[in-house]
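A.B. asks: Add chain B to chain A, keeping to what the hints say.
These protein sequences, in sequence, are chains A and B. Each step along the first sequence adds one to the number in full-length UniProt numbering, with nothing skipped, and position 176 is 176. Each step along the second sequence adds one to the number in full-length UniProt numbering, with nothing skipped, and position 211 is 211.
To be clear, the hints were calculated from the coordinates, so they are not data collected in a lab. A hint or two may mislead.
[Said to hold, decoys possible] Label-pair ranges, simulated between beta-carbon atoms: (1) D271(B) x R221(A): 29 to 37 angstroms; (2) R68(B) x L124(A): 28 to 36 angstroms; (3) E139(B) x Q123(A): 21 to 29 angstroms; (4) D164(A) x N33(B): 54 to 62 angstroms; (5) Q123(A) x D147(B): 29 to 37 angstroms; (6) A273(B) x P107(A): 22 to 30 angstroms; (7) P107(A) x D147(B): 40 to 48 angstroms; (8) A152(A) x L274(B): 19 to 27 angstroms; (9) A218(A) x A273(B): 23 to 31 angstroms; (10) R221(A) x V280(B): 19 to 27 angstroms.
[As the list claims (entries may be wrong)] The following residues of chain A were derived to be distant from chain B, with all beta-carbon distances above 10 angstroms: (11) R29; (12) P36; (13) A47; (14) A50; (15) A106; (16) N115; (17) S127; (18) N134; (19) D147; (20) E148; (21) F165; (22) S170; (23) E233; (24) L263; (25) K278.
[To be verified] Using 27 angstroms as the maximum straight-line C-alpha spacing, the simulated BS3-like pairs for lysine-lysine come out as follows: (26) K54(A) x K42(B); (27) K204(A) x K278(B); (28) K44(A) x K92(A).
Just so you know, even glycine gets a beta-carbon here, dropped at the ideal spot from N, CA and C.
Now for the letters of each chain:
2 protein chains.
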Amino acid sequence: MAKKNDSKADTGAAPWNVPVGGKGFSLARVPTNAKPFSTGDKDKDKALLADLAKEVDALQDIFWADQRFKLLVLLQGMDTAGKDGTIRAVFKETSPLGVRTHAWKAPTELERRHNFLWRIQQQLPASGEMMIHNRSHYEDVLVPVVDEYISAKTTAQRYRQINDFERMLSETGTVVLKFMLHIGSDEQRERLQARIDDPTKNWKFSEGDIAVRKQWDAYQRAYNDLLCATSTEYAPWVVVPADSKTHRNVMIATLVRDKLQSLKLRYPPPDPALKGLKIV
Amino acid sequence: MAKKNDSKADTGAAPWNVPVGGKGFSLARVPTNAKPFSTGDKDKDKALLADLAKEVDALQDIFWADQRFKLLVLLQGMDTAGKDGTIRAVFKETSPLGVRTHAWKAPTELERRHNFLWRIQQQLPASGEMMIHNRSHYEDVLVPVVDEYISAKTTAQRYRQINDFERMLSETGTVVLKFMLHIGSDEQRERLQARIDDPTKNWKFSEGDIAVRKQWDAYQRAYNDLLCATSTEYAPWVVVPADSKTHRNVMIATLVRDKLQSLKLRYPPPDPALKGLKIV
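Just chain A, with the same shape it has in the complex (with noise of 0.2 angstroms):
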């Protein structure tokens, strides 16, 4: 694979890695049509991203495998991001015995009778599993956020809460890589409008998802301010420029490979004891 991909991957200083603490970091900075990841030409694009499916695919066998680790993938992003589609794309070999997803909606009655966290417990990788969650407990300093239900002291403690708990799961073998799909204003205008003019789209698509438009900035800020709160060394938030799909899947893809790569994953060793063995 492109060595200048992994070395981009590996920059601190790269506007898309949210630094620990948010220090000098603004989404309003990064690009959403920047294409940090692309080879700069589609097609070749399409083929580099073909081949990461692949890597994901055989990393995947091992990781199960290893036993050592757990991996969760947490994607969130503005309706018509392309969550659903980073997930079809990255995991495009994977077998579905291989990864698991939870696609989290508005709490049931049930859920929102317990913490915030409580939820999510329910959901999580065990050694050897691939989980990724699309949208996330990062729902939770979002919604209520820019609609006011929750006070900014709770937001503060809510995002204190995060990182103790994503810390622990770090603590205990979870590999937790949290992806940002950042697109712009006009991009999920057009998005949107598909939608709505393709009939068959129609049910993909809610009133509700205007009124969230119409608090695009109110959204903007809250998503700026979790990331800064949020983005710690052993959870980071990496900001995926993501106007361009092509460039979206391959960014993420490079990142899952290479944080995968990274963990030196190893099938367990040979049994002696079945050396020579023959079944009758």
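C.D. replies: Just chain B now, with coordinates in the frame of chain A:
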């Protein structure tokens, strides 16, 4: 897709369709090396499989949008029969978001303290979901029967309890597809031997596999009995000749595709309120 396959899939008299109540059925008389769903040419079979996987993916999208049904695909078979490989092949094109899997292991201490269907209830598809069970509640009429942990009376009771449970699932919108992957003893020997001879595959091999292999005939009898006792109109068993991996995949993909097509799935009708709406 080849009409030949469709019609074969529909004929109840085919030896791989276990008749309701098992009347006249004998597992031993279903050849493990038959290829009833093959085109007769391996390359054509692979191309067919690729098409089928794309069809299953397209149907999954409508299945989800439609929301009227739930799908439970259940795979049973001796060790190395190819359950993992089937899942990978049939759902090759389906996003991890569209299909969930659960691999059943020996019950935990907590699970053993409950009735044997308790844990199954916790892993069922909801409306619009597709779920695959890798092994299933049928393990509870296999190991305990062969090892004589339960009496013939309890076994018969479990058959009835399973039928009642699956009838309830069917009546509440779940399409239940049950496949028994049927391999021969020689084929299993080769596949187990491969896990021993390839040191990177040793971790997939367990000493227990040899013990179970020694009980081959007893397992075949237990399978024969459960197939006869639990093939119902609402949840029929299909025995899949599985010595050939390609044939196995083509057959199951065909039957899954055919069943989904028969549901006459449809996208929700266009929303008149959205007609002409412009997003700003």
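A.B. asks: Hint by hint, say whether it matches the structure.
C.D. replies: These are the hints, each one checked on the structure:
no.	hint	verdict
1	D271(B) x R221(A): 29 to 37 angstroms	holds (32 angstroms)
2	R68(B) x L124(A): 28 to 36 angstroms	holds (31 angstroms)
3	E139(B) x Q123(A): 21 to 29 angstroms	holds (25 angstroms)
4	D164(A) x N33(B): 54 to 62 angstroms	holds (58 angstroms)
5	Q123(A) x D147(B): 29 to 37 angstroms	holds (35 angstroms)
6	A273(B) x P107(A): 22 to 30 angstroms	holds (27 angstroms)
7	P107(A) x D147(B): 40 to 48 angstroms	holds (45 angstroms)
8	A152(A) x L274(B): 19 to 27 angstroms	violated (37 angstroms)
9	A218(A) x A273(B): 23 to 31 angstroms	holds (26 angstroms)
10	R221(A) x V280(B): 19 to 27 angstroms	holds (20 angstroms)
11	R29	holds (25 angstroms)
12	P36	holds (26 angstroms)
13	A47	holds (19 angstroms)
14	A50	holds (14 angstroms)
15	A106	holds (16 angstroms)
16	N115	holds (22 angstroms)
17	S127	holds (13 angstroms)
18	N134	violated (7 angstroms)
19	D147	holds (21 angstroms)
20	E148	holds (24 angstroms)
21	F165	holds (24 angstroms)
22	S170	holds (23 angstroms)
23	E233	holds (29 angstroms)
24	L263	holds (17 angstroms)
25	K278	violated (7 angstroms)
26	K54(A) x K42(B)	holds (24 angstroms)
27	K204(A) x K278(B)	holds (16 angstroms)
28	K44(A) x K92(A)	holds (17 angstroms)
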